[in-house]
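Asks: Residues per chain, in single letters:
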Amino acid sequence: MSAHSQTIGTRILRPRPAFSLRRWTEREAVFSWLMVIPPALFLLALVGYPFVYGIWLSLENRPVAKPGVFVGLANFITDIHDPVFWQVAQNTFVYTFAATALKMAGGLALALVMNQDFKFKNLVRAIMLLPFIVPTVLSTIAWMWILDPSFSVVNWFLVHWGIANPGPSWLGNPELAMFSLIMVNTWRGLPFYAITLLAGLQTISPELYEAATIDGASTWARFRYITAPLLKPVIFIVTMFSVIFTFSDFQLVYVLTRGGPANATHLFATYAFDVAMSGGQFGLGASIALSMLPPLALLIAGMAWYMRGEKT
Amino acid sequence: MTVERRGWRVRALKLWLPLGFFLIFNLFPFYWMTITSLKPNSELYSRKIMPLIVYHPTLQHFVNLLTETDFLTWTYNTMLVAVVSTAISLVFGVMLAYPLARMRFPGAALISFAIAATYLVPQPLLFIPLADIINRLGLGDTLTSVILTYPTLLVPFCAWLLMGYFKSVPHELEDAARIDGATRLQTMFRVFLPLCIPGFISAGIFAFTLAQNEFLYALIFLTKTDVRTVPVGAIAELVRGDVFYWGQLMAAALLGSIPVAIIYSFFVEHYVAGLTSGGVKA
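Chains as they are written, first to last, in the working numbering: chain F, 1 to 312; chain S, 1 to 282.
No lab work stands behind these hints: they were computed from the structure.
Mixed in with the good hints, there may be bad ones.
[Unchecked claim] Lysine-lysine pairs mimicking BS3-like chemistry, simulated, CA-CA at most 30 Å apart:
1) K48(S) x K121(F)
2) K232(F) x K119(F)
3) K119(F) x K224(S)
4) K14(S) x K232(F)
5) K66(F) x K232(F)
6) K167(S) x K232(F)
7) K66(F) x K224(S)
Construct all of the structure, not just a fragment, from the sequences and the given hints.
Replies: This is how it looks when you write it as structure tokens:
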């Protein structure tokens, strides 16, 4: 509106120039695109191009530092016949769903606990978030020592109290290793759930609860009919985030088990890393990484669409 | 009122007990990190003595870490990379968020959809092609490689967060400036952006912690000790073969966490605002 009035003003005062760069850049669409283009090109070059190039790589037989040979879908056919690939797929799903379920349950519990009034609430909230802000690799190093085969502090207590002797090998046994990874992932992700859900809880008007209480609703009924439905959009978004980043997790596994024992904890990301970086087969590695996409794409598309709809 | 009457038992059961559980669960690894870094090796590798206490604290592991490894270089690298990539991401974030939040132009919906999609593309999908691209550009083992690639993770996030913030700022001041003859650029820099400092702090703190946390690209692109960041340096150089230098590892983990924790503690409210804006502010 303001832009419009200004244009009229200048038009009355001066003869109209053939072309004014300044007036051109002042147009809303031109200004907007001039702003958007540099970062968009940047993302196109370093996200869009690598993405497409990754698809191309997955269709090549490409040892490190040598020119690739186009092989069509051969890499994907190799994957399909690779028993480790299917084990990796299974691991990834187990890891993602178990960790997400635990984070959601624990995060909701913590959010409900923290939604009460108590002293030092902000301080407690700040402390609770620590696992989420400290660099993952560094806190995972601490977990590695907690779960150490010989000097695990958990095992010290198990042995000391006579529960088990020797204590279990937390990262050496296939099932236990997966269990340990899920616990550590939960430890790191739970605060994100809790704090986000807490923020969601705080947007719910207390009057709703008061009205329900006056009408005789029980604690459970208030949770079921007020808290749960109003929290649903937040839970949805947090869960989508969590699923995407748990599904594509790399750091935890790389630090704690490197995919072992016997591939029992390899995820898509760590397996692709092993094949491409340690094994030197870029094409095959790219095809493994790309296999994450179909299940994730459904989630990402749904999520992006949902977020866009919510924001605007 | 009713809670008051029923007394502290209910409150203990509903508040302090679960809160205590979560606090111990969340903080134990940090406690363990700290005391391990202070234990002499004789205590570290003893299965007899009670492990939760340090009997003879020593700073030996810290001294070794700082004198025998390049930990200080890694710390400098980590900070430099985090600060520069955060700055780049904020600038690009503003350039995307300002038009998207305040103006109408053809293609806006496409751009905002692309940003959301980019935000959600996981790193492991891109690291193999990126490794090849970085090599071909001759950027392997340079900090430039990560300074260039970290913003790909941070820009979409910054743009998204800032868009939310920008939309909450009223239009009147900008309109007034425009009527007074300010150009769009002047309006943005002199009138609008100064109003958005809290948004920048939120986005900046968040981006900074994300950059500190990054591991995969650093692991792949940085293979020489003098360009490594703290996480990669610790994993690659304090674990030699099967030998784990536990005391030094814990000292490195602790020292590496402290800068983030301190910065975070100054801006907790902004960080939480950034964290929750994605999900809550619909």
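Asks: Holds or violated: K66(F) with K232(F), Cα cutoff 30 Å?
Replies: Violated, at about 51 Å.
Asks: Is the straight-line distance between the alpha-carbon of K14(S) and that of K232(F) 30 Å or less?
Replies: This hinted pair holds, its Cα atoms lying about 23 Å apart.
Asks: Can you confirm whether the C-alpha distance between K66(F) and K224(S) stays at or below 30 Å?
Replies: Roughly 23 Å separates the two Cα atoms, so the pair holds.
Asks: Can the restraint linking K48(S) and K121(F) be considered satisfied, given a maximum Cα separation of 30 Å?
Replies: violated (39 Å)
Asks: Between K167(S) and K232(F), does the CA-CA distance stay at or below 30 Å?
Replies: Between K167(S) and K232(F) the Cα gap is close to 24 Å, so the pair holds against 30 Å.
Asks: So if I understand the rule, the pair passes when the alpha-carbon distance is 30 Å or less; does K232(F) with K119(F) pass?
Replies: Status holds; Cα separation ~28 Å.
Asks: Given the hint that K119(F) pairs with K224(S), test it: the Cα-Cα distance must not exceed 30 Å.
Replies: violated (49 Å)
Going through the hint list in order, the structure does not satisfy hints 1, 3 and 5.
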